[in-house]
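Chains as they are written, first to last, in this note's numbering: chain A, 1 to 342; chain B, 1 to 342; chain C, 1 to 342; chain D, 1 to 342.
If you are wondering where the hints come from, they were derived from the structure by calculation, not from laboratory data. Note that this is a predicted model, so its numbers are computed, not measured. There may be inaccurate statements among the hints.
As the list claims (entries may be wrong) - Only pairs whose alpha carbons sit at most 30 angstroms apart, straight line, appear in this in silico DSS-like list of lysine-lysine:
{"no.": "1", "chain 1": "D", "residue 1": "Lys310", "chain 2": "D", "residue 2": "Lys265"}
{"no.": "2", "chain 1": "D", "residue 1": "Lys310", "chain 2": "C", "residue 2": "Lys20"}
{"no.": "3", "chain 1": "B", "residue 1": "Lys265", "chain 2": "D", "residue 2": "Lys20"}
{"no.": "4", "chain 1": "B", "residue 1": "Lys265", "chain 2": "D", "residue 2": "Lys54"}
{"no.": "5", "chain 1": "B", "residue 1": "Lys310", "chain 2": "B", "residue 2": "Lys54"}
{"no.": "6", "chain 1": "D", "residue 1": "Lys20", "chain 2": "C", "residue 2": "Lys310"}
{"no.": "7", "chain 1": "B", "residue 1": "Lys310", "chain 2": "A", "residue 2": "Lys7"}
{"no.": "8", "chain 1": "D", "residue 1": "Lys265", "chain 2": "B", "residue 2": "Lys20"}
{"no.": "9", "chain 1": "C", "residue 1": "Lys310", "chain 2": "A", "residue 2": "Lys265"}
{"no.": "10", "chain 1": "B", "residue 1": "Lys310", "chain 2": "B", "residue 2": "Lys265"}
{"no.": "11", "chain 1": "A", "residue 1": "Lys7", "chain 2": "C", "residue 2": "Lys310"}
{"no.": "12", "chain 1": "D", "residue 1": "Lys20", "chain 2": "D", "residue 2": "Lys7"}
Each chain is listed here by its residues.
Number of protein chains: 4
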Amino acid sequence: MIIIMEKGATEEQIEAVIEKLIGLDFNVHRSTGAVHTVLGAVGPSELVDPDEFKVMPGVMECYRVMTPYQRAARAARPEGTRIRLAGEREGEVELGGTRVVLMAGPGSVEGEEQLFRCAELAARGGAKLFRAGGLRAHLSPASLTGPDADSLRLMKRAASTFGMFLVGEVVEADSVGIVEEHADVLLVGSRNMQNYPLLRAAGRARRPVLLKRAPAATLQELLVSADMILDAGNPDVILCERGVRTYGSYTKNTLDVTAIPALHKLSHLPVMADPCRAAGRRDIAPALALAALAAGADGLLLDVHPDPSKVLAEGAQSLEPEQFLELARQLRSLAAALGRSF
Amino acid sequence: MIIIMEKGATEEQIEAVIEKLIGLDFNVHRSTGAVHTVLGAVGPSELVDPDEFKVMPGVMECYRVMTPYQRAARAARPEGTRIRLAGEREGEVELGGTRVVLMAGPGSVEGEEQLFRCAELAARGGAKLFRAGGLRAHLSPASLTGPDADSLRLMKRAASTFGMFLVGEVVEADSVGIVEEHADVLLVGSRNMQNYPLLRAAGRARRPVLLKRAPAATLQELLVSADMILDAGNPDVILCERGVRTYGSYTKNTLDVTAIPALHKLSHLPVMADPCRAAGRRDIAPALALAALAAGADGLLLDVHPDPSKVLAEGAQSLEPEQFLELARQLRSLAAALGRSF
Amino acid sequence: MIIIMEKGATEEQIEAVIEKLIGLDFNVHRSTGAVHTVLGAVGPSELVDPDEFKVMPGVMECYRVMTPYQRAARAARPEGTRIRLAGEREGEVELGGTRVVLMAGPGSVEGEEQLFRCAELAARGGAKLFRAGGLRAHLSPASLTGPDADSLRLMKRAASTFGMFLVGEVVEADSVGIVEEHADVLLVGSRNMQNYPLLRAAGRARRPVLLKRAPAATLQELLVSADMILDAGNPDVILCERGVRTYGSYTKNTLDVTAIPALHKLSHLPVMADPCRAAGRRDIAPALALAALAAGADGLLLDVHPDPSKVLAEGAQSLEPEQFLELARQLRSLAAALGRSF
Amino acid sequence: MIIIMEKGATEEQIEAVIEKLIGLDFNVHRSTGAVHTVLGAVGPSELVDPDEFKVMPGVMECYRVMTPYQRAARAARPEGTRIRLAGEREGEVELGGTRVVLMAGPGSVEGEEQLFRCAELAARGGAKLFRAGGLRAHLSPASLTGPDADSLRLMKRAASTFGMFLVGEVVEADSVGIVEEHADVLLVGSRNMQNYPLLRAAGRARRPVLLKRAPAATLQELLVSADMILDAGNPDVILCERGVRTYGSYTKNTLDVTAIPALHKLSHLPVMADPCRAAGRRDIAPALALAALAAGADGLLLDVHPDPSKVLAEGAQSLEPEQFLELARQLRSLAAALGRSF
């Protein structure tokens, strides 16, 4: 920990800080500059809140040297994490390598026929992962229902019929088990990024976990949540940027493209992006999808629907079939230009 | 729903919007202005996402006339909601009336002695509600443990020994039952503001629920979450502002004092504020507490500790005993000046 | 400057940083922790951008020890700055002392009669400073016109007729001279907080300068702008918080009440608040005015108008006469409760 | 204007709104829904602030139908604006067409030799526009000096020696004339986006104006500022996204890639992006440059320097020579993949 004393801090104030640090088992090094005295403290930083020192008289700033996440940090695996999925019908997919991985599917499930048409469409666009949301809860949250075995089985069948792996959302610690039984990847949505019981349950699962960033989470908070999953024993976490909340109102959220190269520097985990949910409108989403790929995303999530304008809710963010297939072509050509495959 | 067409929108584009509205069972009123055509649509607005129209060609803007929350809206109870607690040793407390209610307690529980000293201190400052956090999870999230019957019993004893009601945090739907058994008020923390299974469970409980706003939640999102609790049958929800995330970095969060009068206009539910958690530092928190009261808060949450500078984590936001008692005096005098009691 | 190397930084990377620091005339102290190597560097920090080190390989973080502002810092005048105005008809006013100073006036000038009615109203409410905006520029910016001698003379007459000092806005370096001739205080609006030529011109003026924070400025940026005025020779700068831009939409901006105690800690300059412009709506502004005073503001700016609902633009944020006088009463009683006068 | 009355608004309240609208020369259409009464009002919307209605009793929401900018709106020129520059040595450049235009140069000028080396480097990377900043003001704002004829002449010579046009920053209305004499494009920096006297002066100039978005400006505010330039007679405005202020701290600002497609929809003006200033660090800027191009930017601004790590200030955001040339190659290949040239 590094503590910078204010200009004009008294000797007494400095001593009080040193004493407190020593009482907390830190070794303290003091360096007296022309203007500021700076204290470097080595000790149990992970247990001490730097804010505790900020409120002491005479203290100007206090920084913790250690990041609050360890396992998710780049230094823990400098070469990067690659996550492999393999299946008989699905073949092999690797997340975190040179291939860009496409995940696609409908925002919500309306029925079996729609589900299979969505899956066929997703596969035609090159998706390797299929994601079918539940009936989502924005407009009428009470109607949100957790996953049941029947619908999971159906989704799995839709996915594997077209050679894709299934991604299933988990919203409660209790239901991780049933989702894990049918889905190949577990998705923790942005509303649950700090649902600690759920993160721990996902950490005990044997499936890779796609962890979506909450709309106001810092990169550090996202990585602390990832750490919790890693810490519980699951080494396969995929980070996903899906838009941050800003003062802008043209789109639902503001896709934080900067997070993609930043997370690659801070962490060894693969990074995906969700341009459809970030934009909330299908006329803007394709530009964001191309941007996220250009910025270095390892994969993309896209909402697709055979006829999104007929959907009552969550349709605005879903791509139309032609639009999706055209975007897939552009993504392929962009990936090639960047020396990656798709 | 109101749809404003772009300047220069073609007749075809207008017709397409009208047709879609009619297909969704809306009655449409068209008014053609000098520059813009405006469509007013009456129908099942709660089922339709206005964004779906924003992406149609020729559409400039689309507004939903109805708020997505109903039960929490001021119109549902124009006179305001008052929540009463009564106990043998605790007497009576009313939230939402002219008296300002103080809730206080330690950020985390370190042991029985500390707990009782905190409770005594809280009561001396005039607190009617006692809140004792668990060991919180910022620095080392894995150490967060759920509530167990023993510690709840202990907390309840500490609270009632000094004539206060107990507030207990719930973090999982499963554990609402056990908390409800011992605590008088259930607290849903800001990280769980959109944990829908938990909200529904709290809605089925027979205790008032204190619902904390997430640091990037809009007022509307907070009220949608409150609606979900009300909708499940629990009429007693207390809203709590605890700081929003901005670009500022001097304090942990930025207390959104504006939210207090705004929530009073939008909703009939009582509104509390949590200045300690918002500031994250005890040198700034008292000014925010006074500000929140002046802005019309029905109650305040304060973190207190007999010796906060000795605490390893979460201490920086806890008030010192003298500071707390002095603040309580100022709050009392401020309340009187505003024609309220304390 | 303090530079923290990443876990796993190589000796070469550390050496490169040290070499660069030495080349920039820093003295470097190296301390090697169990996990991180930390370099403390004493030297010409004010000339060096810490970001330059952040991009070097192996560097995790870099902090500058010095604040980028000096003269505005609390340490430069620990006892605080008090700004005195004295006039024959106006009496004496002191900003930064125990008295709360009220500044009031119309958002825009519509004519001589309205101006005098506004001034009378302001004075009845206890205002010591009168502020009359020009015709403001939000809705039709082209109509903004600079100050001319005639209207300044008129405003001055309105102010002094009712025993108040005049506050006049400056928008161009060139027109500082003419405003200074008639007004007692110069106002630099939030849109000009970083208009450097204007700040320098205000710094050469012999009148106190009220400097409004831009809606997305950090406290540090505000203080750097204040420094520029102080540096040009003008010792009398008043800081003014007027709302920051957040994702909230119920009010025009979000009044950052936290900034008031924070600026008092960081700086010796008086701090005012502008709740009307922050809220943009007169039904919310009074609660914010009370909150700002409770948080420790040295003064308040209020927009008043004899009949604001008749105003085409900028009327929504102006208080109605009765509302203003009632608020003034509440502010007086609040100030007394806090041990201050008004 | 559209006004939505609250559920439960009284007939009196509705009448008061109608009366006020009629008094302001609006024609009012009333439609009474099951829950809400909605008033559509056609009239002088551009003169009336919708907030004035929001504060009336019984009003829930009020929307203005017209955008506050007209000339910059897409509808004013649906085919899009193309801005052409032509010179003997520089050839022809078109902004807003299929070719991606590169603008490059040093963040600050250190001397003649550095200037020419930067220009040579910029030209090698394919830049058609050369931009040389003054000594910038972040760290020591007092040192910012306006442009003088000598340095402008020098910059112009550097630009044209290598076949590029010169971009010169204007910071005061008074100095627009001299910059215009030597530079081919005028740049209005983000700190001056709402410096109205400067915008009007730029609007009277005969050179295209590159208008940078302020770090907290909405798209609407940017377009209002553009309107002011267009309105003063200058038809050639180029919009530039350069990062918005968010709670993120890894980079200086957060590049708002979404703004690029959004501005293309809202406006006919060309849109550039400034990834170096947004990121503030050269290790992240290239990923953002690629993302901005993929999102549809008409051009890019890049900071380059022959040896940025030697620069005391503003160096961290400048690309190193090899990095710049490599990025130029990637941009070229990306542009080709997207069916554009470079």
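Is the Cα-Cα distance between Lys265(B) and Lys54(D) 30 angstroms or less? Given pair Lys265(B), Lys54(D) holds - Cα atoms ~12 angstroms apart, limit 30 angstroms.
Next pair to validate is Lys310(B) with Lys7(A); report whether the Cα-Cα distance is within 30 angstroms. 26 angstroms, holds
Does the alpha-carbon distance linking Lys310(C) and Lys265(A) stay inside the 30 angstroms limit? With Cα atoms ~57 angstroms apart, Lys310(C) and Lys265(A) exceed 30 angstroms; violated.
Is it true that the CA of Lys310(B) sits at most 30 angstroms from the CA of Lys265(B)? 42 angstroms, violated
Next pair to validate is Lys20(D) with Lys310(C); report whether the Cα-Cα distance is within 30 angstroms. Distance of about 8 angstroms is within 30 angstroms: holds.
Between Lys265(D) and Lys20(B), is the straight-line Cα distance small enough, at 30 angstroms or below? Satisfied, since the Cα-Cα distance of roughly 23 angstroms is no more than 30 angstroms.
Quick one, are Lys20(D) and Lys7(D) close enough, alpha carbons at most 30 angstroms? 20 angstroms, holds
For the pair supplied as a hint, Lys310(D) and Lys20(C), is the alpha-carbon distance within the 30 angstroms limit? Between Lys310(D) and Lys20(C) the Cα gap is close to 8 angstroms, so the pair holds against 30 angstroms.
For the pair supplied as a hint, Lys265(B) and Lys20(D), is the alpha-carbon distance within the 30 angstroms limit? Roughly 23 angstroms between the alpha carbons, so the hint for Lys265(B) and Lys20(D) holds.
Under the criterion that the straight-line Cα-Cα distance not exceed 30 angstroms, is the pair Lys7(A), Lys310(C) satisfied? At roughly 53 angstroms apart (the allowed maximum being 30 angstroms), Lys310(C) and Lys7(A) break the hint.
For the pair we were handed, Lys310(D) and Lys265(D), check the Cα-Cα distance against 30 angstroms. With Cα atoms ~42 angstroms apart, Lys310(D) and Lys265(D) exceed 30 angstroms; violated.
For a C-alpha distance cap of 30 angstroms, please report whether Lys310(B) and Lys54(B) respect it. Outside the cut-off at roughly 55 angstroms; violated.
Taken one by one, the earlier hints fail for this structure at numbers 1, 5, 9, 10 and 11, listed in ascending order.
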